[in-house]
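Participant: Residue numbers (this note's numbering), protein chains in the order written: chain A, 1 to 153; chain L, 1 to 737; chain F, 1 to 251.
None of these hints come from the bench; they were simulated from the model.
Just the calculated beta-carbon pair ranges, DEER-fashion:
id, chain 1, residue 1, chain 2, residue 2, range
1, A, GLU70, F, PHE23, 21 to 31 angstroms
2, L, PRO23, A, VAL82, 12 to 22 angstroms
3, A, GLY31, L, PRO23, 18 to 28 angstroms
4, F, THR121, L, HIS172, 43 to 53 angstroms
5, F, THR112, A, GLU10, 34 to 44 angstroms
6, F, THR125, A, GLY150, 45 to 55 angstroms
7, F, THR89, L, ARG283, 49 to 59 angstroms
8, F, SER131, L, ARG85, 57 to 67 angstroms
Positions of the beta carbon are idealized from the N, C-alpha and C atoms, including for glycine.
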Amino acid sequence: MIVNFTLNGEPANARVVSPVSLLDVLRDQIGLRGSKSACEQGECGSCSIVLDGDVVCACLVMAGDVEGSEVTTVEGISSGDVLNGVQAAMHEAGAVQCGFCTPGIVVTATDLFAANPHPSTGEIKSALAGNICRCTGYGAIVRALDSLAGRRS
Amino acid sequence: MTTTRSTPHLTVEGGVGDSPLRPDGVPKLRGRFDYASDLVSEGMLWGATTRSPHARARVVSIDVAPALAIGGVHAVLTADDVPGRAVFGLEHPDQPVLAGEEVRFWGEPVAVVAAEDDDTARRAAAAVLVEYERLEPLVDPEEADRRDDVFRRMRIRRGDQETRGPIVVEGHYEVGMQDQAPLGPEAGVAVPDGHGGVDLYATSQFVHVDHEQVVASLGLRPEQVRAHPTGIGGAFGAREDVNLHIHLCLLALHTGRPVKMVYHRSESFAGHVHRHPARMWFRHEADHDGRLLRVEARVIIDGGAYASTTAAVLGNACYFAVGPYRCDSVSVDGVGTRTNNPPCGAMRGFGAVQVCVGYEAQMDKLARALDLDPLEVRRRNALATGDPMPTTGQVITTPLPVVDVIDSLAAMPLPDAGRSGSVPGGSGLTTDPEHVTRGVGYALGIKNLGFSEGFDDSAQARVRLTAEGLVVETAAIEVGQGLATVLAQIARSALGVSKAEVRHVDTSQIDSAGSTSASRQTQVSGGATLEAATSLRERILDTHRGDDLSDEGVMRDGRVVVPMAVLAGESWEETVTFRHPPTTAPDENGQGVVHADFAVAGHRAVVDVDAELGLVSVVKVDTAQDVGKALHPEAVRGQIEGGILQGVGLAIMEELVISDGVIRNPNFTDYLLPTILDAPDVEALLIEQEGSWGPFGAKGVGEPPTISSTSAVLAAIRDATGKDIDRAPVRPQDIAL
Amino acid sequence: MAAAGQGATPLAGGTDLMVEVNFGHRRPDEVVALRRVDELASWDGNRIGAAVSWRRIERDGPRALAQAARTVGSPQIRNAGTIGGNLATASPAGDGHPFIVAVDASIELASTSGTRLVPWTEFFTGVKETSLRDGELVSAVELPEELPDRQEFAKIGVRNAMVIATVCVVVTRSDGKVTVGLGSVAPTPIRAHGAEEMISSINKPSESDLDEFQRLVSEEVRPITDHRSTEEYRRHAAGVLARRLLVRCLR
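Input sequences plus hints: build the corresponding full structure.
Facilitator: Here is the structure:
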């Protein structure tokens, strides 16, 4: 079947033959490989995307179920070549090491700040509880987002 | 031997001491950075692996027909299809590329498949019909020791072996099997070149050694294989050994098509080596002032089915079994066993982590026996520059600020009693304030930097001046630690030119940079870069009779005499192979100049414990670390915070549960990595003392954060509960029952 | 409904089914997607539609169920995962189950032939087994009209987010009547009837009454040892949690 949906603000479609995750379709069929596959079970958040306004793990979304939906991936989180606030803050704070978790964190944090421009540190951490980072120990990530929220930490 | 030449003091933007932004930061933030798992090649097939479900079995027969019968399958290969050396291995080639007559660990590769797509390849791999005759697996390392089924035995004897002390503390300690669990999975693409050769792009920590093993097993000439550095999603030791590299090249050459393979998480757990689990016994004897008179230790680490780096890990464990303390009567016996448990190898800390759990528990026991402050007992025994290492007798010649580490930790303020953040149990609401006790614990650790025991370690780097600025070429692997940034900083500071980038080139274009491990790259590849850049500057200035070099070009008396555009048009390049001061193999008592350099770090952990339920919240970890010179202070802090959290993970939540040789929790649901809600606040003090042979006096910083952070958390839990915690990780039942 | 009747696999948030698909354990030929079926996502008073997400329950649900919702997985999982999915999967460790059993809720099952209401005691039949017939879907959870005025939840996990419950408990108290619902301590979620009876007859329990209550809970549970925890610890922890939650209910 053909699934039609909106991807990063543009119309998109995918050919879905067997039960396949949206993550696989994004990466292998559509060629947007910014969302990462690291656990296949929604336990790491590295495939975080926005689906109809909610941040979810793309590996847990069945591609066939996104007919008419709006999907935003890390590639669509900022426009053109400009970094958005979250990305710029993370860059400045040294919050990227290997970077594998970074797209998922960018998507999740962008969603948080869109709803709430001044989240508390506790709210930042709660929002990112589903995004695993193995390299940074989260310190620089928290510093980046604290500063974006207007706090020095 | 090459020495670091003195360099002119140059302040250039983005040089050493600055914290310039990562060159790959923007693409990573935008999701446009290619990791090995993101690579695609025109016409590529997908590979998958058939793995043994048994920890030990005889392979009676392999029937590939059912797999070949699946539409879209291009190849199914077994051991018979390996044209060259049948085994591979980082230190000792003993692991079959594909299993022959016997499988020796759960998950051992038996066959590999190439097919049109990932799904088909996996189905085909599952369809290969293997008939096994199950055999009784050897899973008890102590039994393996009794049977002499071992990879290495170590014996260290230093000083008078009859020395005894009036104060004696003893204990048995255990460390479970931790996994590196880098977020990026094993992945790669092998592209045949049409002339019998192949280009390999795969997750790695050491492309030259991958290259060697691929060449050997494929029976090719070295120039027929090129191993390329690619984007890596973390390593922590899991990528030092070959895993899918030979498989990919085999499939590519067999099918004549590019082949890609990406491990799923459970396969990743099965498919790479893990941290060695350890069982240890220590006896510390001291005088009435708490000075160590004698330390005796026995260490058994389980190497699992194949050798990997067990010999070296055991070496490290034994060499660091006393810790950063003086002692003139030392006896350490160690064994690295061979069993049918999953193979173990390099993980950040490499043997020094495990023994630290033991010796730091012992130092605390000593303190309690003498009613001494735990830091004071450590102060009284602290090693210093000029002292011999207690185990090897090697005189320490570079700075080793053990006392400074202790004093710094003592001076760091403790957090307030309450803390906004996680209580034990977190959002699980298990715990009210009245159920919580707070504990504080200290631990010190020592780690070698670089390779040891006479290993001829080196790194080659090339520095070129081009129209785009300075280019540093290296085969050294960037795994996220920031090497690509640091090498550019070194080149900038040495040459005085601010435009600089690092290019990662393949094995055909440069000699080995050695492994990205052992906390060595900044010192060794950095050393090569510094020497090459320094030498280049000298030659440029000599040739053009200049007295300075800048972005504008060659300067003389403050004026530009050769503009950069012209200079860059001349072919300026310098290639250097850097070697650190040599080490020696140990003698039969483990004595010798075994290590290239050392670093010490200390940790203080503050924990809140719900003792009735055995739940722990790590509130804060403070650290002081001996870094020589912080070339990129922010990146050093990043390494420290990341390493500490891995140490916290080992203390309270990370363990591969193995029974009958089978990993019971090979997934992220049940192998628990710390989340952001589990991360303690971290305060880090960098202790910079000149004197190391690394560039600008830098020491490696990657491993020291993992050595004693686990032990500090354990000590804090003991302080909070009064319980005799003797293993890592601590489980709720270890505290509550 | 008709599709389900023909053996199509129901899919709501995907947080259980897609894991099976990703692991290659299941390859459903036909899937009926329930994520955006309005009726299933409706929430009228005490009837919570099966497709209501854990995020909504965290925000709007009754106290102890909202507390449980807050511990489900991660924000991403809570946005997608549903109460109906959690029930249909019927893991012994399901975070929502202790509440269901503590308040004596019923599960509404729907098929082309209509709906039926099944008390929880008949719904959970074993480890990951329910009384769902072929062609039936979980369509809603029906909570009792009156919910207990005191209700508390707790869950033990070694990590502060995204953790399968080692033990999870709900204790309720209303007019002196106490109920205790427990998960991860038996093949299905259970009640600790003996402990409930003992404590419900006591107006102002003393410390030794609470000790006895705790002991009875520990005795009544039937936990196992697995790779996550041991029988002894689960038994001990169940009693401790039940006691602590009761103390909160008594405040």
